[in-house]
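S.K.: Next come the chains, spelled out residue by residue.
There are 2 protein chains.
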Amino acid sequence: MLGAFIALIVTFVPLGANALWPIPRSLQTGTTLLKLASSFDIKISVTNPPQDLVDAVSRTKGFIQNDKLQRLVVGRGANDSAALGSAPTLPGLTISLLNNNAPRAIATEAVQAIGTRSEGYSLTVPTDGTSAILTANSTLGLFRGLTTFEQLWYDSAGVTYSYQAPVKIVNDIPAFPYRGFMLDTARNFFPVADIKRTLDAMSWVKINTFHWHIVDSQSFPLDVPGFPEIASKGAYSSTEIYSPANIQDIVSYAAARGVDVMMEIDTPGHTAIIANSHPEHIACNQASPWTDFANEPPAGQLRLASAATTNFTASLISAIAQALPSKLFSTGGDELNTNCYAKDSQTQADLKSSGKTLEQALSTFTQATHKSLTDLGKTPVVWEEMVLEHTVTLPKDTVVMVWISSQHAASVASKNFRIVHAPSNYFYLDCGAGEWLGNDPTGNSWCDPFKTWQKSYTFDPFAGLSTAQRSLVLGGQQLLWAEQSSPENIDSIVWPRAASSAEIFWTGATLPDGTARNVGSALPRLHDIRYRMVRRGVRAIALQPHWCALRPGVCDLRA
Amino acid sequence: MLGAFIALIVTFVPLGANALWPIPRSLQTGTTLLKLASSFDIKISVTNPPQDLVDAVSRTKGFIQNDKLQRLVVGRGANDSAALGSAPTLPGLTISLLNNNAPRAIATEAVQAIGTRSEGYSLTVPTDGTSAILTANSTLGLFRGLTTFEQLWYDSAGVTYSYQAPVKIVNDIPAFPYRGFMLDTARNFFPVADIKRTLDAMSWVKINTFHWHIVDSQSFPLDVPGFPEIASKGAYSSTEIYSPANIQDIVSYAAARGVDVMMEIDTPGHTAIIANSHPEHIACNQASPWTDFANEPPAGQLRLASAATTNFTASLISAIAQALPSKLFSTGGDELNTNCYAKDSQTQADLKSSGKTLEQALSTFTQATHKSLTDLGKTPVVWEEMVLEHTVTLPKDTVVMVWISSQHAASVASKNFRIVHAPSNYFYLDCGAGEWLGNDPTGNSWCDPFKTWQKSYTFDPFAGLSTAQRSLVLGGQQLLWAEQSSPENIDSIVWPRAASSAEIFWTGATLPDGTARNVGSALPRLHDIRYRMVRRGVRAIALQPHWCALRPGVCDLRA
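Chains A and B are the protein sequences, given in the same order.
Each residue of the first sequence is one higher than the one before, starting from 1 at the first, in full-length UniProt numbering.
Each residue of the second sequence is one higher than the one before, starting from 1 at the first, in full-length UniProt numbering.
Same shape as in the complex, but just chain A (with noise of 0.2 Å):
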């Protein structure tokens, strides 16, 4: 059985790209040695050029000179040097915008509508002794332009230098708008400075949205205007909150560097926190047995049959998402439990009242809170029951994340939704770390096994889609639900794992080279990314022993 399996796997050859995370969907290199001129510099040849974008260039120069990356390859290089000496120099970087549009701020271009934002660009680095060219049409395209140009340079003896010139990537725009990842800060607690840390590393490969989870039943670490009191008694502490300011200050720093904010708060379920301040809001705080009540500890669920409470979240909503620039905000809707709702005497007289059944309760409701984001001009997201296990009224753009199971997808297609893939058989980053709850002694997690970076990586986003219905795959994106993840470890348990669907949702199916994308040919890539990610402070963990590392393939199952 063991020898019919290996007989599957095909030797791997590598591409002459042994760097690139995402590879260009357009990618012509060579094998020449170019190294960058002492004086080597960035110029921005742009009328008037926004700030975010300057402030792009001086990262990207600093990347340049601080990342000293020694190749992947036994001997780290040195044998380049003796060569390095005669190779031809590149002077510079020009880098300018194809139309004569007055140039938008990053930012700005990061926030438009899913679909919308140009994020194509090309960039040639000739070995001719002129200067590398970037070209797009918008900012945000030179910005991901700039983040290829600076995986192209290694270091040896300390010569700055690329070993793949002449690189010539023609119009590499991502095969789908919308590249994520999400990350929850309720069930423990992230500081800012851990969620910049990973804003940073999801703009190195491209990843263009921000899900950010970040209330749940455990706690509300987020200070909303005019509801001051939810936060100060639902955060774990008076230091564990998102004030405004920490608000804003991470949607400008995700904006400038090609991010969009998604922030989501999950209703109705998923909240009991928001009894410490608003018990009348509550169905079944903190009942017990808790499983009879919830997917997890603790219960507690939005009163949806309450017109006050359907008021009041609609209010809750509005008041956090008009302080946000992007067009998507989600509403949850997953793990709904009815038990809750059975047994909550409040909901039954409400019900009965209005002579409504839970499920039309349910839709009044998440109409409530959808229209409190419509009128904002934002398109709602939602978790996949919202159309697979409930009948609601949902505008025709929601967006719908797949979750229980890539199979779903299909499902959520032929109800005509867009999709984002978040698949937890594929994505969940937390899977395979074993039970968390307590006094079980031989439990392990529920989505076991752990995600490998490879399984992520073999992901189909058009698995069971007809021709026609692959138009609604937006993208997809790697989450991590923090039951049993915390500073301590984000960086550890994300990268480079997240990398895998930043890759598929750029590069798409194929490679430049017109082969299949395949695990044995992103491996070294994935090598360089995560060897790069450490030197800019970012804890990636190792994905082979380092011997490994420097010789691609000869610990391939079979090699």
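Since the hints were derived computationally from the structure, they do not count as laboratory data.
Warning: the hint list may mix true and false statements.
Note that identical chains are pooled: a pair holds if it fits in a single copy or bridges any two copies.
[Unchecked claim] Okay, derived cross-link-like pairs now, BS3-like style, lysine-lysine, Cα gap no bigger than 30 Å in a straight line:
no., residue 1, residue 2
1, LYS43, LYS371
2, LYS68, LYS233
3, LYS352, LYS43
4, LYS327, LYS343
5, LYS61, LYS352
6, LYS43, LYS196
For chain A, the structure is supplied; the task is to place chain B on it using the hints.
M.R.: Frame of chain A, contents of chain B only:
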């Protein structure tokens, strides 16, 4: 089936002691709040105290001052503030030895032969205004008592206090003499600072042995006096080498913290990298496919049938071991690949000329390496294969590490060897993190699933052993093999999980109240030491949502 399973789980009843890891074998606590006097000090009532005891006391005072850990309860102890105003005060702690012998340094006590060390201590923390008293037979015992004392203190609004005074611990001595942690620094390199931080954390939970798997087939990061070429050609880089000074630094640092450094030079397998400097001593170096010649890449083993190689290996081990104070030294001996020797013409010629079988040659080789240790007064340690899979003559006092399966302990015991439990099915910290071999899209780690702290904690050191055989069990350890680990995740993959075995082998099977050790009562205490580790700069991960950590038992599978 689920129902039947749940019915077996006993509802958790919290012990009085919500702190202390490992929990002392004898412990009486009260419910009185006791605050530290502003003039609190620790008096060393020892004539001519050794400097490392003085330093240990300074560290204890530092932890008490700087931990500033709030109680893990709802409100974080804010409710204690009012009562603390009139609470009794502890003026100091006096530490003294129970005999009048001239005190030896902790570092001296820590490296005595296994089973001969005096690690016990007694501690009383009164509420009558008098000082606490810590006594022991040795400075090592005093150090163990200090680490217990450190864990009693919390912060509320700037007041340092205990909530469980008075405390009385009478003769807390470890159930097992060997309580270890193993780190592999060969698959990926760990700088000295990471090792020291790990040693700190180990000492906080009374782990007393650092099993240092320092070299392997992938790299040889050890500069051996007389053999500088092995590291200079076999380390990953010139900066990834432990110099003799580094080794002495680490050994001294460990010993001053009650930790004996037991180094391992794994032989004759796991030695491929030696071929970089001594190709004459290595058979099947990097032979392909590696699967035919080794358990993992690269292949390469010492030519055990060669007299020259045997002499080289014995000299190498002697040169390493003589610089180490530990009485234990491991020569490894796992995963010998016989096909490698069958295909190695030199080995076949050597066997032919000597008239020995491979097994006989292995015995000769091993006796030579072990003689190099016994000549230095040291005891050899080997992996289980040396007694279970081979017919090697070993010194009677050889210590055998059981790793393949916990069920093999009985077989080792039946051969009357002393045992250190290191079973992969309970104690391997690397399991469950996915396949590290390349080009294996659906692979998982060979020892899936992840070994949860709960699984590790349920290990029974005496399982399968007769009463008479129990004395053969020296203790056990958790282990980090570093194929997928690096400085980026050492803290998060090790802590707090490795504290599981620390308590198993200190406390034994029974809690101080006479009940059996169990994961239900362990969790709140494990949270406590985890949060304390984080306060001290060790990035131990969250085990649950913070909400659950503040509510012992409420997030149990059946709360």
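S.K.: Would you mind marking each hint as holding or not holding in the structure?
M.R.: Hints and how they fare:
In this assembly of identical chains, LYS43 and LYS371 lie within 30 Å of each other by CA distance neither inside one copy nor across copies; the values are 46 Å within and 69 Å between. Taking the shortest alpha-carbon separations for LYS68 and LYS233, only the inter-copy value of 23 Å comes in at or below 30 Å, while the best intra-copy value is 47 Å. Neither within a single protomer nor between protomers do LYS352 and LYS43 lie at most 30 Å apart by alpha-carbon distance, with minima of 69 Å and 72 Å respectively. Within a single copy, LYS327 and LYS343 get their C-alpha atoms no closer than 37 Å, and across copies no closer than 66 Å, so neither meets the 30 Å cut-off.
In this assembly of identical chains, the alpha carbons of LYS61 and LYS352 never lie at most 30 Å apart, being 66 Å within a copy and 64 Å across copies at closest. In this assembly of identical chains, LYS43 and LYS196 lie within 30 Å of each other by CA distance solely inside one copy; the values are 27 Å within and 46 Å between copies.
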